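Q: Residue-level listing of the chains:
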Amino acid sequence: MQSLIQVSSLTKKYGSFTAVNELSFSVQKGDVYGFLGQNGAGKSTTIRMLMTLIEPTAGDIRIFDLPLSTHRKEILRQTGAVIEKPEVYPYLSAYDNLRLFARLSGVKLSRAQYMQQLEQVGLASRAHDKVKTFSQGMKQRLGIGIALVHNPQLIVLDEPTNGLDPQGIADIRNLLLWLSREQKKTILISSHLLSEIEQVATRVLIIDKGKKLVEGSAEELFDPSKTIVELQTNDTAAARERLIASNWAAHLRESTGNNIKLQMNRNDIPALNRDLVQWQIDVLSLQQQHSLEDYFLQVTAGKKHVDTFSN
Amino acid sequence: MWTLFQIELFKIFRRPRTYIAFAAITALIGMVQLGLKVDGQEYASFVMADFNSSFALEGNLLNGYFVCFIVLQLLLVHVPLLIALIAADMISGEANTGTLRLLMSKPVSRVEFILAKYLASVVYTIMLLVWVALQALFLSMLIFGTDDMFIMKSSYAVLIKSGDVFWRYAGAFCFAALAMTTVAALGFLLSLFAENSIGPIVATMSVIIVSTLLSTMNIPLFNLVKPYLFTTHMITWKEFFDLRVNELNEAIPGSLAYPEKIKTSALILLIHIVVFVGAAAVIFKRKDIVS
Chain U
9 MQSLIQVSSL TKKYGSFTAV NELSFSVQKG DVYGFLGQNG AGKSTTIRML
59 MTLIEPTAGD IRIFDLPLST HRKEILRQTG AVIEKPEVYP YLSAYDNLRL
109 FARLSGVKLS RAQYMQQLEQ VGLASRAHDK VKTFSQGMKQ RLGIGIALVH
159 NPQLIVLDEP TNGLDPQGIA DIRNLLLWLS REQKKTILIS SHLLSEIEQV
209 ATRVLIIDKG KKLVEGSAEE LFDPSKTIVE LQTNDTAAAR ERLIASNWAA
259 HLRESTGNNI KLQMNRNDIP ALNRDLVQWQ IDVLSLQQQH SLEDYFLQVT
309 AGKKHVDTFS N
Chain P
58 MWTLFQIELF KIFRRPRTYI AFAAITALIG MVQLGLKVDG QEYASFVMAD
108 FNSSFALEGN LLNGYFVCFI VLQLLLVHVP LLIALIAADM ISGEANTGTL
158 RLLMSKPVSR VEFILAKYLA SVVYTIMLLV WVALQALFLS MLIFGTDDMF
208 IMKSSYAVLI KSGDVFWRYA GAFCFAALAM TTVAALGFLL SLFAENSIGP
258 IVATMSVIIV STLLSTMNIP LFNLVKPYLF TTHMITWKEF FDLRVNELNE
308 AIPGSLAYPE KIKTSALILL IHIVVFVGAA AVIFKRKDIV S
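So the protein sequences, as listed, match chains U and P.
Take any residue in the first sequence, count from 1 to its spot, add 8: that is its number in my numbering.
Take any residue in the second sequence, count from 1 to its spot, add 57: that is its number in my numbering.
Just so you know, these hints were derived from the structure itself, not from any lab.
All figures in this text were calculated on a predicted structure; none of them were measured in a lab.
Hints should not be assumed to be uniformly reliable.
[Said to hold, decoys possible] Computed cross-link-like contacts, DSS-like style, restricted to lysine-lysine with a CA-CA straight-line distance of at most 25 Å:
{"id": "1", "chain 1": "U", "residue 1": "K93", "chain 2": "P", "residue 2": "K344"}
{"id": "2", "chain 1": "U", "residue 1": "K81", "chain 2": "P", "residue 2": "K344"}
{"id": "3", "chain 1": "P", "residue 1": "K342", "chain 2": "U", "residue 2": "K21"}
{"id": "4", "chain 1": "P", "residue 1": "K342", "chain 2": "P", "residue 2": "K210"}
{"id": "5", "chain 1": "U", "residue 1": "K81", "chain 2": "P", "residue 2": "K342"}
{"id": "6", "chain 1": "U", "residue 1": "K217", "chain 2": "P", "residue 2": "K344"}
{"id": "7", "chain 1": "P", "residue 1": "K342", "chain 2": "U", "residue 2": "K93"}
{"id": "8", "chain 1": "U", "residue 1": "K21", "chain 2": "P", "residue 2": "K344"}
Using the sequences and the hints, build the whole thing.
A: Right, here's the structure in full:
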């Protein structure tokens with residue numbers, strides 16, 4: 009498969025602080041590449057280096073098989089990006105902002121085409137309103153419209169659902185799936201929310217403190233058999249005792265305070281619940297863990313999982 | 058480059074802040090014109106008091122040309138501050154609102170971006186001066202009429218025939234445009250070093266105020282740096298209103314007393330512009346955009 013982005017030993021240092029440390033990864037054509045990491049992990053710094061906003065201290069970036077350092081304009085002409093909050097000119101309308109950035113991207117469309125683009129991100133009815141009257145979600149959608157206006161092959165989105173309500177998040181997710189499946193775009197999307205990436209990504213990279221933690225296919229990373237389930241009952245001691253004595257013992261991972269953690273196939277959650285009810289233990293809470301922080305604990309503490317996670 | 062320039066102009070003239078300077082100038086000039094219209098003769102008598110004892114002055118002394126000269130003397134100290142409002146905001150304003158990262162993720166050259174932005178601020182500066190000219194010169198000509206222009210220098214007076222004045226204003230406004238674009242270049246350079254507009258605007262104003270003080274204070278230590286300060290040369294527009302005299306000490310119409318001084322000042326201002334904009338381009342080319 010053709011590599012659209014090839015990053016090798018990318019490093020960015022600010023004095024003695026290393027924001028990105030020897031990071032290497034590749035994004036294949038057609039990927040929805042999830043770029044995960046906690047706040048401050050180095051995601052935005054990496055994306056800014058990909059978009060030539062920041063000069064790398066060391067390392068090499070090739071996009072469309074061209075070195076970024078010498079082919080900046082050609083590469084950016086085929087790339088659309090939303091970097092953090094998509095700030096646009098508040099004193100201009102959505103239509104004028106879109107037209108302005110389209111021209112900077114080297115395209116001049118007809119009025120109907122601009123309106124079609126705004127329609128795609130659900131802003132056609134507000135096309136001529138000044139952006140200062142827009143909500144954060146509307147600005148976010150306009151930012152995505154601007155990223156797509158020149159029909160780029162590669163779309164880079166840095167935390168695109170920040171500040172959006174659940175409906176807005178769902179709309180962006182559907183748009184990304186449509187761009188990937190119907191339009192065959194390659195998408196690099198960063199987030200600190202595992203749940204957000206899980207639903208759209210085909211491949212995933214997790215970084216922490218500027219270093220690569222895990223890279224591989226989403227299918228393997230989000231393997232349902234390796235789901236961490238957190239259990240809370242009315243009698244933790246009794247529940248722990250029963251679980252140790254049962255077939256669930258092999259799945260037990262951690263027990264702290266009132267919490268018991270198991271690593272198991274998420275399809276088996278109903279069976280676990282049934283067993284607990286049968287043992288006359290009241291289940292207060294039984295939930296899958298989705299936060300990246302918990303996932304990091306799983307990845308960093310459970311070395312076995314990382315080892316078995318193939319690229 | 059042309060597209061970038063058009064976009065920058067579009068942004069400048071669609072932004073409400075741009076019109077603050079135009080409104081301020083309208084108000085300032087209007088106030089001076091109103092004051093001179095109401096109490097102008099008294100003011101002229103006071104200014105001419107020393108001359109009235111030695112010379113018999115006839116005609117409309119308080120004419121449009123004279124009023125324009127007074128307005129320019131008063132205003133050209135303040136216009137740089139208005140220009141700083143826009144020029145010092147050119148990059149820092151984009152960094153502050155976050156639009157700089159979106160702009161720089163587009164396929165545009167950073168050097169072209171800087172040049173387009175500076176050229177747009179030059180157009181804004183020139184338009185501001187055209188506005189000053191329309192109000193201070195043309196409106197004053199309508200309100201106060203025209204006649205020979207009588208102005209006083211520190212140790213002598215200059216009488217310029219009515220037909221010899223207009224081209225001098227054209228020259229003075231062109232020179233003022235050069236001086237003001239130097240201010241714009243300074244504000245532009247300083248706008249690279251901050252991510253909010255206030256800092257560069259205040260810094261530009263401070264540099265102008267300190268340099269103006271150094272240019273006007275007659276202290277030997279400061280005299281060494283005076284010739285190199287752009288503020289020393291910004292007031293050279295006044296040289297367009299001084300005539301050369303012949304051996305009979307008669308003014309020669311159409312002449313300039315010190316044309317070399319105008320050329321030297323223009324050259325020094327141009328050098329400042331090249332240095333300020335050149336430095337801005339070099340710094341911005343290597344700058345990490347972290348806003």
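Q: Determine for every hint whether it applies to the structure shown.
A: So, going through the hints one by one against the coordinates:
no.: 1; hint: K93(U) <-> K344(P); in the structure: 20 Å, holds
no.: 2; hint: K81(U) <-> K344(P); in the structure: 17 Å, holds
no.: 3; hint: K342(P) <-> K21(U); in the structure: 18 Å, holds
no.: 4; hint: K342(P) <-> K210(P); in the structure: 47 Å, violated
no.: 5; hint: K81(U) <-> K342(P); in the structure: 14 Å, holds
no.: 6; hint: K217(U) <-> K344(P); in the structure: 23 Å, holds
no.: 7; hint: K342(P) <-> K93(U); in the structure: 23 Å, holds
no.: 8; hint: K21(U) <-> K344(P); in the structure: 14 Å, holds
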